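Trainee: Chain residues, written in single-letter form:
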Amino acid sequence: MIKSNCTLTFEKNPPDSITVSVSGEIDHHAAVSLRRDTDAVLWDYAPKKLTIDMSGIEFMDSSGLGFIMGRYDVMRKLGGVLFIRDPSPCVEKMLKLTGFDRRVTVIKNSKERQSV
Amino acid sequence: MPRTKGKNNSRHPGRPPLSPVTNELKLSFPSLSVNEGFARAALGAFLAQLDPTPTELVDLKCALSEAVTNCIVHAYSDGIGTVKLSVSLRADRTVIIEVRDLGRGIPDVAQAREPLYTTDAAGERSGMGFTVMESFSDKLSVVSKPGHGTTVKMIKRLSERKKL
Numbered sequence: 813m814i815k816s817n818c819t820l821t822f823e824k825n826p827p828d829s830i831t832v833s834v835s836g837e838i839d840h841h842a843a844v845s846l847r848r849d850t851d852a853v854l855w856d857y858a859p860k861k862l863t864i865d866m867s868g869i870e871f872m873d874s875s876g877l878g879f880i881m882g883r884y885d886v887m888r889k890l891g892g893v894l895f896i897r898d899p900s901p902c903v904e905k906m907l908k909l910t911g912f913d914r915r916v917t918v919i920k921n922s923k924e925r926q927s928v
Numbered sequence: 012m013p014r015t016k017g018k019n020n021s022r023h024p025g026r027p028p029l030s031p032v033t034n035e036l037k038l039s040f041p042s043l044s045v046n047e048g049f050a051r052a053a054l055g056a057f058l059a060q061l062d063p064t065p066t067e068l069v070d071l072k073c074a075l076s077e078a079v080t081n082c083i084v085h086a087y088s089d090g091i092g093t094v095k096l097s098v099s100l101r102a103d104r105t106v107i108i109e110v111r112d113l114g115r116g117i118p119d120v121a122q123a124r125e126p127l128y129t130t131d132a133a134g135e136r137s138g139m140g141f142t143v144m145e146s147f148s149d150k151l152s153v154v155s156k157p158g159h160g161t162t163v164k165m166i167k168r169l170s171e172r173k174k175l
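First to last, the protein sequences are chains Z and W.
For any residue, its number in the working numbering is found by taking its place in the first sequence, counting from 1, and adding 812.
For any residue, its number in the working numbering is found by taking its place in the second sequence, counting from 1, and adding 11.
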């Protein structure tokens, strides 16, 4: 597997929530491993709440939207909910442009935002 | 009829002549997903000479990423084929990006361009690729012939930059 320009870290927030932080570039190439790694964690812990922190995303195309909607479906199957936290400007633009900001819950300014 | 050298607007007689091409990039690469990032980086490096705004640059990279991804995911879904990218710059700061494949083609282009339409829901495609390309360019044209391939052309005129 060729390395992608995208990194993922996750953090358990007991009792039943998980935060996944994604940074770098999300394109179709990166989305494949991003999806696999995130789902491994989700099926393992079956959280009731998944927060995807997207403050560190420098580039995202519509593959990122596919990734978000895919996790939305997984969380629904698990009987849980999905939140998108602190989308970076490029993520926010994509969410707005495609109307996805009305389909997922976006939490902003959860911590001190870096200057845009 | 003799072929005229260079591109003029002879096909559209009513329109003003096109600004001359000042630079051109041609690349071809196999439809490997790792080349999505390569194509974006190459576009960014080539456009640097026009000093685009950060927003213009990200928008065009995003539009290109969608076009290249379509070649990889859809045109050559059964294997690896060649993706041809050409970028032309015109004197009036117009950028023309053309992405061409010789893949399976799109039977119904109008349907494919509709938001949320996808033939690959299992692959978690959002169905927003053409919508993104359309939003991030001034003009998008898609020409496709099933069994022969697809050519996507995006045209965007960059804003004037103040001379320092």
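No lab work stands behind these hints, which were simulated from the structure alone.
The structure presented is a predicted model; accordingly, all values stated were derived computationally and were not measured.
Heads up, some of the hints might be wrong.
Pairwise CB distance ranges, derived in the manner of DEER restraints [what the hints assert, rightly or not]:
1) Z/W855 x W/Q122: 12 to 22 Å
2) W/S39 x Z/R888: 19 to 29 Å
3) W/T130 x Z/R915: 13 to 23 Å
4) W/A56 x Z/R888: 21 to 31 Å
5) Z/E870 x W/D89: 39 to 49 Å
6) Z/P826 x W/F57: 33 to 43 Å
7) W/A59 x Z/N825: 22 to 32 Å
8) Z/D856 x W/H23: 58 to 68 Å
9) W/A132 x Z/K861: 49 to 59 Å
10) W/E171 x Z/G891: 47 to 57 Å
The beta-carbon is built from N, C-alpha and C at its ideal position, and this holds for glycine as well.
Trainee: The structure should be examined with respect to each hint, and the outcome stated for every one.
Mentor: These are the hints, each one checked on the structure:
| no. | hint | verdict |
| --- | --- | --- |
| 1 | Z/W855 x W/Q122: 12 to 22 Å | violated (35 Å) |
| 2 | W/S39 x Z/R888: 19 to 29 Å | violated (42 Å) |
| 3 | W/T130 x Z/R915: 13 to 23 Å | holds (21 Å) |
| 4 | W/A56 x Z/R888: 21 to 31 Å | violated (42 Å) |
| 5 | Z/E870 x W/D89: 39 to 49 Å | violated (32 Å) |
| 6 | Z/P826 x W/F57: 33 to 43 Å | violated (50 Å) |
| 7 | W/A59 x Z/N825: 22 to 32 Å | violated (43 Å) |
| 8 | Z/D856 x W/H23: 58 to 68 Å | holds (60 Å) |
| 9 | W/A132 x Z/K861: 49 to 59 Å | violated (25 Å) |
| 10 | W/E171 x Z/G891: 47 to 57 Å | holds (54 Å) |
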